[in-house]
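Chemist: As a plain string of letters, each chain reads:
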Amino acid sequence: MSSTHSYQDNDELLIRAQQGDEEARELIYSANVGLIYMVLERFRGTSYDHEDLFQVGSIGLLKAIDKFDFSFQVRFSTYAVPMIIGEIKKFLRDDGMVKVQRSYKELYGKIRWAQEKLRGDLGREPNVSEIAACLEMDKEEIVLAMEACQAPAYIQDVIPGEEKDQGSLLDRLASEENTVRILEQMALREALSKLDHREQEVILRRFFKDETQALIAQDLGVSQVQISRIEKAALQKLKSLLGDQIIG
Amino acid sequence: MWSVIKGRWTSPGLELRMNVKNYVRFEFSSMPENVSFARSCVGAFAAQLDCTLEDIEEIKLVVSEAVSNSIIHGYNGSTDGKIEVMASIFDNGSLEIIVKDFGRGIENVEQAMEPTYSSDSSRMGLGFTFMRSFMDEMDVISEPGQGTSVRMLRFFPSQNHQAMA
Amino acid sequence: MWSVIKGRWTSPGLELRMNVKNYVRFEFSSMPENVSFARSCVGAFAAQLDCTLEDIEEIKLVVSEAVSNSIIHGYNGSTDGKIEVMASIFDNGSLEIIVKDFGRGIENVEQAMEPTYSSDSSRMGLGFTFMRSFMDEMDVISEPGQGTSVRMLRFFPSQNHQAMA
Amino acid sequence: MNADFKQVRDTLVVRISGELDMLVADQLRQEIDRRLDNTSISTLILNLEKVSFIDSSGLGVIIGRYKKVSAQQGRMYIVGACPPVEKILHFSGINKLVPLYRSEKDVVSN
Ligand SMILES: Nc1ncnc2c1ncn2[C@@H]1O[C@H](COP(=O)(O)OP(=O)(O)OP(=O)(O)O)[C@@H](O)[C@H]1O
Ligand SMILES: Nc1ncnc2c1ncn2[C@@H]1O[C@H](COP(=O)(O)OP(=O)(O)OP(=O)(O)O)[C@@H](O)[C@H]1O
Ligand SMILES: [Mg+2]
Ligand SMILES: [Mg+2]
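Keeping their order, the protein sequence lines are chains C, P, Z and S.
Numbering that gives the first Met the number 0 puts the first residue of the first sequence at 0, with every later residue one more than the last.
Numbering that gives the first Met the number 0 puts the first residue of the second sequence at 0, with every later residue one more than the last.
Numbering that gives the first Met the number 0 puts the first residue of the third sequence at 0, with every later residue one more than the last.
Numbering that gives the first Met the number 0 puts the first residue of the fourth sequence at 0, with every later residue one more than the last.
No lab work stands behind these hints: they were computed from the structure.
Treat the hints with care, as some may be off.
Dumping the calculated SDA-like pairs for lysine to any residue here, alpha-carbon to alpha-carbon at most 25 Å [stated by the list, open to error]:
hint	chain 1	residue 1	chain 2	residue 2
1	C	K208	C	R228
2	C	K88	Z	Q110
3	P	K20	Z	N75
4	C	K208	P	N107
According to the in silico footprint, chain P covers these stretches of chain C (three or more CB under 8 Å from chain P) [claimed, not checked]:
hint	segment
5	56–67
6	115–129
Beta carbons: idealized from backbone N, C-alpha and C, even for Gly.
Work the whole structure out from these sequences, hints included.
Modeler: Written out as structure tokens, the structure is:
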């Protein structure tokens, strides 16, 4: 096995510890405390509190010291590591819930705070990697944490109240008449869908494509008078479907 | 398959940024639950770029629009269709997103892309308009009965690039 | 390809939950940047389950271990390998995660899975132990020179299931 | 998504949390419409404080409810949209039809 470890398996100390020798227990604990750090390393960058995890990990290590049995035929570390992880897992599952939720909320607040601070420092909008570096977090975590919209803080701190009317779509679409037109088009489409096929075609070509009754008549192989009649009936239907405000 | 599509889309401007630095490709079923999954993932991937949180919000929006369209229109709401998303980051800091379905396809792409056009009277017809507004390039390739591919590109000049320019 | 793998893994217990409710499959290059991307994505997918935030943290942890192994050991740190991740949610609320690479493979899987075993003296050899501790089932299939697949399963009894049981 | 309904006389307040996309649009539409159809409501307030994301599917629900409420001569307001959501509301122009306020209190005091 090519792996080298900084901790030691000291059989004699273990036996003494299990027989109630407090000093031996302490020695074996400090010789192996590195295992806890190894395990904790994996939780770096998560929302868990390291101090807490260390406490729990210590319990796992002490349990391993007390319960280790030489008949297992494995090295102490091989036995202790899963015990430490197991203890931490139990802790996370028993106790974690409220905590993590709270810390997500805190995280969200922190991100907002870092964003504001960096905006001030840099004089521009900070990018995600700058926020991540500032908080010592993963960029991806930042992105996902933003999904937990925690509005109250948001509103007081961030909404400055000014109108942010920028953007090309807005310029094209968002004038009041335009929006009302969007709505009308929606209503019109709905109404149009209630006409029969021929009526739809006549209306679309006459009013949306500006074609003449004569042309449509020719295409459909009917007389212009018939087209005129279809058009009139269709408009009548539309009016009753839409009310007077749209097609005056 | 993707390379074919890319070939078809290659434009003179695109050749300059053809060096893919990183990519992710994913595939999922046309379940509405996956819309939020898809936008989160592409958002998380885009975080590798030199971009702001606001940029990420916009990326998430366009992915949401394209994937929703595939589910709603492409597969008519049926949940057993397949959707593929490919996101690539190029050397010059641009992000390409391709959303592809194998659904019904679009008869008249030009009409479909018009602001406020929708084939469904209860919808706003804003999806394509959002995609076009928030991205620097957008193309749609669609074949009735075969499916639809939406390719979007957004250029993120990095702080460094800007400084050097 | 996945179904073959699934076939090989099918165990009597597994048959009961073979109905896939939702799945996602993704593929990315073996760049270190993609480790945090992959774990975030699987985390986002797992959020569809009836689970707590710390369940998600745990899922992210194991994905991180498996993907890091593929990059570090499977591809020896080279960034042009391909990694595939498949996550499936079954009808009964269990989550299966498969991480697959096409790299160097593992000679002795049993030894590799031992706590604190590592082929690299600077590492701790805890990856597999974490995966095993936080998931309910774990299998590794590896072929030297061909690659490695790690399949993990975790059962999330939903509130409803529990109530009905 | 989660929607919490509160009705005081003829005012209906809907407090929504989560992401307003196609996954939840239909359900939200139905839940609001059921109340609009069965009770006489003259003011509809959508509280979006806890909404972190909205796309065109969500906008569709809002515009649809606006049409419905205005057809019944009622009024509609949106309160508490956070910046990313507010941006989309502005972008689509919905803010020109449905006024945006910071909080439910602000609507009342106006
Ligand atoms: N993937 C697709 N497959 C088939 N048809 C599509 C697809 N994407 C878009 N379309 C068509 O293009 C039209 C316009 O799409 P767009 O996203 O702009 O509006 P919408 O989806 O109808 O409404 P909104 O996006 O506002 O909810 C759709 O109504 C549909 O007919
Ligand atoms: N995908 C893989 N391809 C090739 N070898 C692997 C792969 N995954 C694991 N291994 C082998 O299994 C061993 C144990 O893996 P494990 O994740 O438990 O520990 P480690 O990666 O060496 O250390 P740590 O995870 O603590 O950084 C590795 O040292 C390596 O030899
Ligand atoms: Mg759309
Ligand atoms: Mg490892």
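Chemist: Hints the structure violates: just list their numbers, smallest first.
Modeler: 5
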